[in-house]
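**Q** Those sequence lines, one after another, are chains A and B.
According to our numbering, the first sequence is numbered sequentially starting from 1.
According to our numbering, the second sequence is numbered sequentially starting from 1.
Calculated from the structure, these hints are not laboratory results.
From a predicted model like this one, the values you see are computed outputs, not experimental measurements.
A couple of the hints might just be wrong.
No distinction is drawn between identical chains; accordingly, a pair holds when it is met within one copy or between any pair of copies.
To be verified - Result set (DSBU-like, lysine-lysine): computed pairs, CA atoms no more than 35 Å apart in a straight line:
{"#": "1", "residue 1": "45", "residue 2": "362"}
{"#": "2", "residue 1": "45", "residue 2": "335"}
{"#": "3", "residue 1": "278", "residue 2": "220"}
{"#": "4", "residue 1": "220", "residue 2": "39"}
{"#": "5", "residue 1": "280", "residue 2": "128"}
{"#": "6", "residue 1": "39", "residue 2": "109"}
{"#": "7", "residue 1": "220", "residue 2": "128"}
{"#": "8", "residue 1": "278", "residue 2": "133"}
{"#": "9", "residue 1": "335", "residue 2": "39"}
Chain residues, written in single-letter form:
Number of protein chains: 2
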Amino acid sequence: MYSPPERLLLGPGPSNVAPSVLQAMNSPLIGHLDPEFIKMMEEIKSMLRLVFRTENEMTFPVSGTGSAGMETCFVNLVEPGDEVVIGVNGVFGMRMCDVAERCGANVIKVEAEWGNIIEPAAIEASLKNRRPKLVAVVHAETSTGALTPVEEISRITHEAGALLLLDTVTSLGGCPVSIAEWQVDAVYSGTQKCLSCPPGLAPVSFSPRAMEVISNRNSKVQSWYLDINFLANYWGSERVYHHTAPISMNYAIHEALRLVIDEGLETRWARHQQAYEKLKDGLANLGLTITSQEGHQIWQLNAISVPTGANEAKIRTQLLNEFGIEVGPGLGPLKGKIWRVGLMGHNATDANVEHFLEALSKCLA
Amino acid sequence: MYSPPERLLLGPGPSNVAPSVLQAMNSPLIGHLDPEFIKMMEEIKSMLRLVFRTENEMTFPVSGTGSAGMETCFVNLVEPGDEVVIGVNGVFGMRMCDVAERCGANVIKVEAEWGNIIEPAAIEASLKNRRPKLVAVVHAETSTGALTPVEEISRITHEAGALLLLDTVTSLGGCPVSIAEWQVDAVYSGTQKCLSCPPGLAPVSFSPRAMEVISNRNSKVQSWYLDINFLANYWGSERVYHHTAPISMNYAIHEALRLVIDEGLETRWARHQQAYEKLKDGLANLGLTITSQEGHQIWQLNAISVPTGANEAKIRTQLLNEFGIEVGPGLGPLKGKIWRVGLMGHNATDANVEHFLEALSKCLA
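Full structure from sequences and hints, please.
**A** Written out as C-alpha cells, the structure is:
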C-alpha cells in the first residue's frame with residue numbers, strides 16, 4: 001500500500017484533517033440510494049446550512065472539487081448571451097471569467113491589483129447603465145490573501161436587479177460567512193481548506209431566487225453532470241438516481257462538518273484570527289510582512305513577502321524536505337515574490353505558527 | 001461519527017471494497033503538487049494503462065464519478081454541429097445522447113431492445129452515406145446486463161473514418177477490456193464497480209488520434225473543469241495547477257489498482273465468470289432466469305427475472321433489511337420486471353453467490 005510522508009500542510013490547501021475525518025472514510029461502503037445513506041445526506045445538508053448560515057433548501061455538496069462547484073454555479077445560472085460582471089483580483093476571479101465565457105456569457109471584468117480587494121465602488125461603477133444577470137466575486141482570494149467585503153457589493157448588486165454569486169472556497173469555516181444575512185444567491189466552496197476535509201466535494205447553496213432564474217432558463221444546462229435540476233432530484237425528496245455519489249467522501253464531510261459545528265463557528269473563526277495575529281507578529285520580528293491589503297487580510301491564507309536576496313523556491317523546498325512543511329508559491333504576477341501560508345481549519349493553532357516561524361527563520365538564516 | 005450499517009453490496013454499484021482500500025484512505029493527506037504525490041500519480045497512470053490494456057499517454061482518473069468521465073469524453077471530442085452515432089440499449093446509452101446533445105452534437109441513435117446488444121450490423125447501416133465524427137457505445141449496459149461486442153463495431157467505425165468512444169464503467173476489471181487491441185479512441189470508467197474502489201473518480205484514456213482531434217478544435221471545450229488540455233498539463237509532465245486533486249480518493253484507487261494487478265486480469269475475469277455461472281445455475285434451480293440476451297450476458301451484472309406474483313420492491317427491501325444485501329431495481333421499461341444483481345470485483349465470490357441465493361429463496365418462499 002502507498003504510504004505518504006507526514007506533512008504539515010501550511011499551503012493554500014489541502015490542509016491537514018482531524019484523525020476522525022480520516023477514520024470516517026474507513027467505514028464500509030453502503031449504497032448511494034440506501035435509506036441509511038439518505039438519512040446521512042439529510043444530516044450533511046442540515047449541517048451545511050448551519051455552516052453557510054442559510055436556510056436555502058438547495059444546499060448540498062457537488063461530487064467534484066471546489067472548481068466543480070464554481071462550474072456548477074455558472075453553468076446553471078448563465079445562458080449564452082447573458083451579461084455577467086466579475087471581480088478579478090487574482091487567479092480565481094480570472095478562472096470565473098474563463099468558466100463564464102465557456103457558458104457563453106458576455107463578461108465584464110472589474111479588476112483590482114492582485115493583493116487588493118474588489119472595491120464596492122468599482123462594482124457600482126460597472127453597473128451604471130447596465131443590468132447584468134449576475135455579479136460574481138471571490139470572497140477570500142486564495143492566490144493573494146485579500147478578503148473582499150461582501151455586504152455592500154450585495155446591496156449594490158441587488159439594486160441593479162442582478163444575482164450575487166460568491167466564491168467561499170477559502171473563507172468557509174475560517175472567517176465569517178453568512179449567506180442569508182448577506183443575501184448571496186449562489187455560493188460554492190471546497191472541502192479541503194477551513195473545513196479540514198480531504199478534497200473531492202464542493203458544497204454549494206442556491207437561493208430560491210436563483211432557483212427561479214434556473215427554472216426559467218430557455219436552454220438546457222450545458223453540463224449533464226452538474227445540472228442542478230437532476231441534482232435537486234437526487235439530493236431532494238425525490239431521490240432519483242443521477243450519478244453514484246462518492247460515498248466515502250460524504251462520510252468524510254459529514255464528520256468534518258460535525259467537528260465544525262461542535263467547535264462552534266464563532267470559536268472557530270476566533271481561532272483562525274488568533275493564529276493570523278500570532279503569525280503576523282512573528283513575521284514582524286523576522287522583518288517580514290504580509291503583502292495583501294492592510295485591513296483586508298485573510299486570516300487563514302497569508303501572502304508573506306519574500307525578502308530581498310532570498311530564493312523563494314529554494315526555501316520552499318527546504319521547508320518541505322527538512323521540516324516536512326508545505327507552503328505555497330505565488331502565482332501570476334506574485335510568482336517568486338510571496339510564499340502563501342495557510343492556517344486553515346485543523347491547522348490554525350499557536351503550535352503550528354510557532355513551528356513554522358522557527359523553521360522559516362532557520363531557512364532564512 | 002457516522003457509522004453505516006454493514007451491507008453486502010450486490011447492486012449495480014458501489015461494490016464492497018477490500019479492507020486495504022479503505023485503509024489507504026486513512027493515510028494522512030499530502031499536497032496535490034507534492035513531489036511524493038506526483039510520484040504516486042505516475043504509478044496510478046501506469047497501473048491504469050495495464051488495466052485498460054493501452055499505452056495511451058493520456059490515461060488518468062478524472063476527479064468526479066463515472067458520469068463525469070462520460071462528460072469528459074464528450075465535451076472534449078464534440079463541437080457544436082458534429083455528427084455523433086450512439087448505440088442506445090439502456091439508460092447509459094440514453095445518457096450519452098443527452099450529454100452529447102448538450103455539447104451541440106447532432107445525435108443519430110442506433111437503438112436496440114433493452115436487454116439486447118447493439119448489433120454491429122445496425123451500426124454499419126447507420127454509417128451508410130454518413131461520416132460522423134464519433135461512434136459511441138456502452139460496453140456493459142448496467143441497466144440491462146447486456147455486453148455489446150466491441151471489436152467489429154470498432155472496425156466498422158474506423159472504416160467510416162470516425163472515432164470510437166467506449167463506456168467501460170461496469171466492464172473494466174470484471175471482463176476482458178482491451179483498449180489498444182480494440183482500437184478504442186476514448187474510454188471512460190468508474191471506480192466503484194469491478195475495480196472495487198469507492199465511487200468518486202473516473203478513469204479515462206484517450207488515443208493519440210483522439211488527442212489530435214481535440215488539438216484541432218475550433219472552439220474551447222465547454223467545461224473548464226473537464227478540459228483535457230488543462231488536465232494533461234496537471235497529469236502530464238508539466239504539473240501545472242488546475243484543480244486540487246482528491247488526495248484520499250487517489251490513495252484509494254492506487255491501492256485498488258494494485259490489488260487488480262496483483263491478482264492478474266485474466267484470473268480476475270475468470271473469477272467473475274465463475275461467479276456468474278454459479279449464480280445462473282442456482283437461479284435455474286429456483287426457476288429463475290437471467291433476462292438479457294443469451295450469449296451476451298455481463299458476468300458481473302445480472303438482470304434476474306422477477307417471477308409472476310412476486311413483489312419486486314418488497315423482496316428487494318426484505319433482502320436489505322433482513323439479510324443486509326443490496327440489489328438494484330430495474331429501470332425504465334424494466335422497472336418492476338428485474339432485479340439487478342452485481343457480482344463485482346471484491347464481491348465476485350462463490351460464498352456471496354451462495355449467500356444471495358439462499359436469501360432470495362427465503363424471500364420467495
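**Q** Now, for every hint given, state plainly whether the structure supports it.
**A** Here is what the structure says about each hint:
1. 45 <-> 362: neither (45 Å within a copy, 38 Å between copies)
2. 45 <-> 335: between (38 Å within a copy, 30 Å between copies)
3. 278 <-> 220: Neither. Shortest intra-copy (50 Å) and inter-copy (46 Å) distances fail the 35 Å Cα cut-off.
4. 220 <-> 39: Within one copy only: 30 Å inside a chain, 40 Å across chains, cut-off 35 Å.
5. 280 <-> 128: Neither. Shortest intra-copy (39 Å) and inter-copy (71 Å) distances fail the 35 Å Cα cut-off.
6. 39 <-> 109: For residue 39 and residue 109, neither the intra-copy (42 Å) nor the inter-copy (39 Å) Cα distance is at most 35 Å.
7. 220 <-> 128: both (30 Å within a copy, 31 Å between copies)
8. 278 <-> 133: Neither: 42 Å inside a chain and 60 Å across chains, both beyond 35 Å.
9. 335 <-> 39: The answer is between: 24 Å across copies meets 35 Å, while 46 Å in one copy does not.
The structure is inconsistent with the numbered hints 1, 3, 5, 6 and 8, although it conforms to all the rest.
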